[in-house]
Amino acid sequence: MTEFVDLDVRPTLRAGGEPFGEILGAVKALKPGQGLRLYATFEPVPLFHVLGSKGFSHEAREIGGGDWEVLFTPGPGAVADGELPVAAATPASDGEWPAPVQQMDNRDLEPPEPMVRILAATETMAKGEVLQALLCREPIFLFPELAKRGHGWRGAFEPDGTTYKVLIRIGAAAGATA
Amino acid sequence: MIGATLSRWTMSYFAAALIALIAAEGLMAAGFGFPAAPIEAPETLVVVHLVAIGWLGLLMCGALFQFVPVLVARPIHDNALPLPTLVCLVGGLAMLLLGFLQLAGRVTHGLPFFPAAVGLLVIGFILVAWNLGRTMWAARPLTLAARFVTVGLVAFGATVALGSVFALVLDGIATAGPLVDLTTLGIPVHAAAGLGGWLTLTAIGVSYRLLAMFMLAPELDRISSRAVLWLGTAALAVLIIGGVVAICHGGSLPLALSAAGLLAAASLGLYGNDILYLYRARKRRKIELNSRMAGAALISLAVCIALAVVLIVLGRLGEQIGAVVFLFSFGWLTGLGLGKLYKIVAFVTWLETYGPVLGKTPTPRVQDLVVEPRAIKWFWLYFAAVYVATAALIADTPLITRLAASAMLIATCGIVAQLVRTRCLLDVVDKLRLPAGVRRPQLLYATPRQT
Chain A
1 MTEFVDLDVR PTLRAGGEPF GEILGAVKAL KPGQGLRLYA TFEPVPLFHV
51 LGSKGFSHEA REIGGGDWEV LFTPGPGAVA DGELPVAAAT PASDGEWPAP
101 VQQMDNRDLE PPEPMVRILA ATETMAKGEV LQALLCREPI FLFPELAKRG
151 HGWRGAFEPD GTTYKVLIRI GAAAGATA
Chain B
1 MIGATLSRWT MSYFAAALIA LIAAEGLMAA GFGFPAAPIE APETLVVVHL
51 VAIGWLGLLM CGALFQFVPV LVARPIHDNA LPLPTLVCLV GGLAMLLLGF
101 LQLAGRVTHG LPFFPAAVGL LVIGFILVAW NLGRTMWAAR PLTLAARFVT
151 VGLVAFGATV ALGSVFALVL DGIATAGPLV DLTTLGIPVH AAAGLGGWLT
201 LTAIGVSYRL LAMFMLAPEL DRISSRAVLW LGTAALAVLI IGGVVAICHG
251 GSLPLALSAA GLLAAASLGL YGNDILYLYR ARKRRKIELN SRMAGAALIS
301 LAVCIALAVV LIVLGRLGEQ IGAVVFLFSF GWLTGLGLGK LYKIVAFVTW
351 LETYGPVLGK TPTPRVQDLV VEPRAIKWFW LYFAAVYVAT AALIADTPLI
401 TRLAASAMLI ATCGIVAQLV RTRCLLDVVD KLRLPAGVRR PQLLYATPRQ
451 T
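Those protein sequence lines, which keep their order, are chains A and B. First residue of the first sequence? That's 1 in the numbering used here, and the numbers climb one at a time after it. First residue of the second sequence? That's 1 in the numbering used here, and the numbers climb one at a time after it.
To be clear, the hints were calculated from the coordinates, so they are not data collected in a lab. It is possible that some hints are incorrect.
Here are the simulated BS3-like pairs of lysine-lysine, each with C-alpha atoms no more than 30 Å apart in a straight line [said to hold, decoys possible]:
no., chain 1, residue 1, chain 2, residue 2
1, A, 148, B, 360
2, B, 360, A, 165
3, A, 165, B, 286
Sample of chain B residues lacking proximity to chain A, with all beta carbon distances greater than 10 Å (derived) [claimed, not checked]:
no., residue
4, 78
5, 154
6, 216
7, 219
8, 230
9, 242
10, 247
11, 258
12, 307
13, 365
These stretches of chain A come out as covered by chain B in the derived footprint (C-beta under 8 Å, 3 or more residues) [unchecked claim]:
no., segment
14, 104-114
15, 120-127
16, 130-138
Glycine included, every Cβ here is placed at the ideal spot set by N, Cα and C.
One chain only, chain A, in its complex shape:
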């Protein structure tokens, strides 16, 4: 029987915060064989991929009021020491990213205009700087292009479920999403 450690990121999310560092910290603190019970204000789909690549399977259910409970259960290959997956940000950029120097709202642009604008902006920015963009859907075709150019990213739907916020850090090697 897996023992689960509880983590409730709903207060962080409601305060407009970014719980990714908090979640990874909790995963890192898990003892071998322990799982994570996460409470969030939306179904954290991108997190499934991130923790899935660390060997965790997930079971998500809506618990009312739009909130979700997700059980992350470690598989045989789960990374107990909390190492980030291959495609994750470097330790220097883990958790603490500087405030965005540029923000754009691309929600009303027709695809692929949001991607064009974001890539154009990244070309004008210095290494380590962060760009924030609001979109109306997950930018599926943007991510491979960011990876090729060596930028890091984090993205997730906002609690409203319709706005997708992505943070892009120039030259941060590769992306993690949460």
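Please arrange chain B on chain A, whose structure you already have, making use of the hints.
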């Protein structure tokens, strides 16, 4: 990596599909098969399978290899597998057509074309289902659109299984009583599982996502769109399980078909309502060619259902089923397919060609790769010809049917010419066409670039 990349062989699928469509329209224009021959004649089956497997099936497979990764935000399980899959599907189709020609006495070789067709098509199906299934399996829980695709793949499997039984019975290999009964009576189940289950349910699922994306409308995951899926799945279950049980155990096949038809009609009604909702909720005021053609295809679907209802009331559905299936295949599925193809080819070509240099140098926009006013004339000619052909089929005037099929053929060639121009970047202004660092795309495949 999270995200979707370009499907390497999708353009090859599209090219093979369009060649099959042109061949089928050419045969219809030449008066080969229905209505000159009976609807169950081998000649008709050649045209039908050229359209169903060659055109619609390959088009759908090629599109799914590109868009299932978009629906589930994961890369395709295996980007190289679609090529051997295509070889199996095209080879299997060729064997099947030769088998029908053998049946008609037009090919006199005694080669076992039907068993070869069954082997190749079954392998082709397994490869498609494996690749897409693994891609979606990695992305559980599934989005609504991906669940439509899953049910569509199940229907695809059922269609292939029934078709395999028919082919083996026709070849004389299978002789068991229930299998022979299935072959004599099961054609409506096979056809409805293919056109209604596999092609229509999958198209509905993908269209929810693509129409929302291209019209800048909210993603739909409301009760009505789930009901479309459940009712459609129920219709399929009643059709396939009920139909097969009725045939093999002496139940009422018309009862199973009618029950499935009612469930399907309810599902399609809700779907039409959802699309109207998307259309009204869209943020993009200008409607592009692909969405207008999707609208024309949906209207054809509605006309098709209305036509079927009128014929049922008049008690004449049996004698006019050819016209109904024709309008369903060419007005709805082909109309939607050609319209979406026009957008997909432009978008995929744009992404492949200019993606690597976006933001680094001036690049054309997606809409700079196409000239819609020129293309739309061919699309209207196509739809007009489909309606004339449908009317001519109902009125039983074969010469007009052939003339209308010729017009469809000309319109399709016109549309294909636009697609080739787009793929070759011929409509992009010279100074933007090939900036430094950009390679001209290959006509038939995509070259993923690693930098």
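Evaluated hints:
no., hint, result
1, 148/A to 360/B, "holds, 14 Å"
2, 360/B to 165/A, "holds, 24 Å"
3, 165/A to 286/B, "holds, 26 Å"
4, 78, "holds, 17 Å"
5, 154, "holds, 24 Å"
6, 216, "violated, 6 Å"
7, 219, "violated, 7 Å"
8, 230, "holds, 19 Å"
9, 242, "holds, 34 Å"
10, 247, "holds, 41 Å"
11, 258, "holds, 38 Å"
12, 307, "holds, 36 Å"
13, 365, "violated, 8 Å"
14, 104-114, "holds (count 5)"
15, 120-127, "holds (count 4)"
16, 130-138, "holds (count 3)"
Comparing the model with each earlier hint shows violations of hints 6, 7, 13; every other hint is respected.
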